[in-house]
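*Asks:* Assemble the whole structure, with the sequences as input and the hints as a guide.
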Amino acid sequence: MENTNVTTGINFILLGLFNYTETHLFLFSMVLMTFLTSLMGNDFMIMLIYVDPRLHTPMYFLLSQLSLMDMMLVLTIVPKMAANYLRHTRSISPTGCGAQIVLLLTLGGGECFLLAAMAYDRYVAICHPLRYPILMNQKLCLHMTAGSWLLGGVDGLMQAGATLSFPYCHSREINHFFCEAPSLVRLTCANTMIFEFFMYVCCILMLLIPLSLILASYSLILAAVFRMQSTEARKKAFATCSSHLAVVGLFYGTSMFIYMRPKSYHSVGHDKVVSAFYTILTPVLNPLIYSVRNIEVKGAYRKWLEKHFKS
Numbered sequence: 005m006e007n008t009n010v011t012t013g014i015n016f017i018l019l020g021l022f023n024y025t026e027t028h029l030f031l032f033s034m035v036l037m038t039f040l041t042s043l044m045g046n047d048f049m050i051m052l053i054y055v056d057p058r059l060h061t062p063m064y065f066l067l068s069q070l071s072l073m074d075m076m077l078v079l080t081i082v083p084k085m086a087a088n089y090l091r092h093t094r095s096i097s098p099t100g101c102g103a104q105i106v107l108l109l110t111l112g113g114g115e116c117f118l119l120a121a122m123a124y125d126r127y128v129a130i131c132h133p134l135r136y137p138i139l140m141n142q143k144l145c146l147h148m149t150a151g152s153w154l155l156g157g158v159d160g161l162m163q164a165g166a167t168l169s170f171p172y173c174h175s176r177e178i179n180h181f182f183c184e185a186p187s188l189v190r191l192t193c194a195n196t197m198i199f200e201f202f203m204y205v206c207c208i209l210m211l212l213i214p215l216s217l218i219l220a221s222y223s224l225i226l227a228a229v230f231r232m233q234s235t236e237a238r239k240k241a242f243a244t245c246s247s248h249l250a251v252v253g254l255f256y257g258t259s260m261f262i263y264m265r266p267k268s269y270h271s272v273g274h275d276k277v278v279s280a281f282y283t284i285l286t287p288v289l290n291p292l293i294y295s296v297r298n299i300e301v302k303g304a305y306r307k308w309l310e311k312h313f314k315s
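Residue numbers (this note's numbering): 5 to 315.
In case anyone wonders, no lab produced these hints; they're calculated from the structure. Among these hints, one or two may not hold up.
Stated by the list, open to error - Distance windows between CB atoms, simulated:
| hint | residue 1 | residue 2 | range |
| --- | --- | --- | --- |
| 1 | S97 | H312 | 26 to 32 angstroms |
| 2 | E200 | I138 | 15 to 21 angstroms |
| 3 | L139 | N195 | 45 to 51 angstroms |
| 4 | F313 | T235 | 34 to 40 angstroms |
| 5 | L212 | I14 | 33 to 39 angstroms |
| 6 | N23 | H274 | 14 to 20 angstroms |
| 7 | L31 | F261 | 19 to 25 angstroms |
| 8 | V277 | L139 | 51 to 57 angstroms |
| 9 | R238 | H60 | 25 to 31 angstroms |
| 10 | P171 | L19 | 48 to 54 angstroms |
| 11 | I299 | I138 | 21 to 27 angstroms |
| 12 | Q233 | N179 | 53 to 59 angstroms |
| 13 | V296 | H60 | 20 to 26 angstroms |
| 14 | P171 | R238 | 55 to 61 angstroms |
For clarity, every value in this text was computed on a predicted model and none was experimentally measured. Note that beta-carbon positions come from the ideal geometry of N, C-alpha and C, so glycine has one too.
*Replies:* Now the structure itself:
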């Protein structure tokens with residue numbers, strides 16, 4: 005029989021992702037390994053971009069910010085989940101819950117706009133290569149990065165403040181492994197229709213608008229690629245864009261599944277699995293996706309290995 009310490013009172017109860025069977029213990033260990041791999045992979049990507057002068061370009065600066073967001077995302081979720089699981093407790097304070105919501109929405113919203121900025125960078129590089137230093141200058145790159153963090157932060161603060169202001173008259177058990185606004189809204193005994201509409205509008209602004217910009221950028225890129233005479237140039241363009249498109253597909257697919265489905269289609273079990281995918285698995289895949297087909301990243305990695313491990 006499980007001996008799980010459940011703290012009551014004003015705290016929320018996270019029912020979690022795992023129980024204490026052998027299968028779930030194995031899955032929990034896999035999550036920890038994925039967490040550590042994600043931290044090392046993203047940290048190494050940031051370090052590589054910082055130390056290699058060939059990677060000091062807007063494209064790789066934006067990629068370093070994506071790696072930073074991914075690192076912070078797994079650090080927001082996994083340590084608390086692991087601590088609760090190992091201590092056989094499920095409690096999280098309202099402050100801790102609010103902090104998770106703010107950070108998740110800041111990082112998630114920021115990543116939406118950052119991926120749009122990266123798509124614009126690829127559009128300029130492929131469609132206007134001669135004007136790239138002018139159209140994608142350092143000042144614009146910094147503004148787009150700061151704007152991504154700022155817009156995500158504003159969304160996070162607004163939604164967290166509104167979510168925690170509701171009265172929770174009945175159960176405070178959150179059937180999830182972290183605090184997420186939609187999961188908390190289900191527990192309130194107040195009328196949340198206006199807030200749910202507000203959340204839906206935020207989703208349109210934070211998800212669909214950046215996604216529309218990404219699709220527009222890649223439509224123009226595709227048209228430019230088909231006009232290229234050189235087969236080698238086409239291959240290089242597709243190789244450059246395929247990594248970013250894979251990351252966009254993973255991130256937007258899971259995010260829209262969670263936040264933009266009609267209420268009647270929500271399933272707690274499915275939500276947990278998909279949330280685990282985009283908060284734990286996607287951050288570990290992003291560095292791999294960007295390094296597998298990227299000649300410059302592989303070259304920088306090879307140079308780093310030769311410098312530090314040359315016999």
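*Asks:* It remains to establish, for every hint, whether it holds in the given structure.
*Replies:* Here is how each hint holds up against the structure:
| no. | hint | in the structure |
| --- | --- | --- |
| 1 | S97 with H312: 26 to 32 angstroms | 43 angstroms, violated |
| 2 | E200 with I138: 15 to 21 angstroms | 44 angstroms, violated |
| 3 | L139 with N195: 45 to 51 angstroms | 48 angstroms, holds |
| 4 | F313 with T235: 34 to 40 angstroms | 37 angstroms, holds |
| 5 | L212 with I14: 33 to 39 angstroms | 36 angstroms, holds |
| 6 | N23 with H274: 14 to 20 angstroms | 18 angstroms, holds |
| 7 | L31 with F261: 19 to 25 angstroms | 21 angstroms, holds |
| 8 | V277 with L139: 51 to 57 angstroms | 41 angstroms, violated |
| 9 | R238 with H60: 25 to 31 angstroms | 27 angstroms, holds |
| 10 | P171 with L19: 48 to 54 angstroms | 21 angstroms, violated |
| 11 | I299 with I138: 21 to 27 angstroms | 25 angstroms, holds |
| 12 | Q233 with N179: 53 to 59 angstroms | 57 angstroms, holds |
| 13 | V296 with H60: 20 to 26 angstroms | 22 angstroms, holds |
| 14 | P171 with R238: 55 to 61 angstroms | 59 angstroms, holds |
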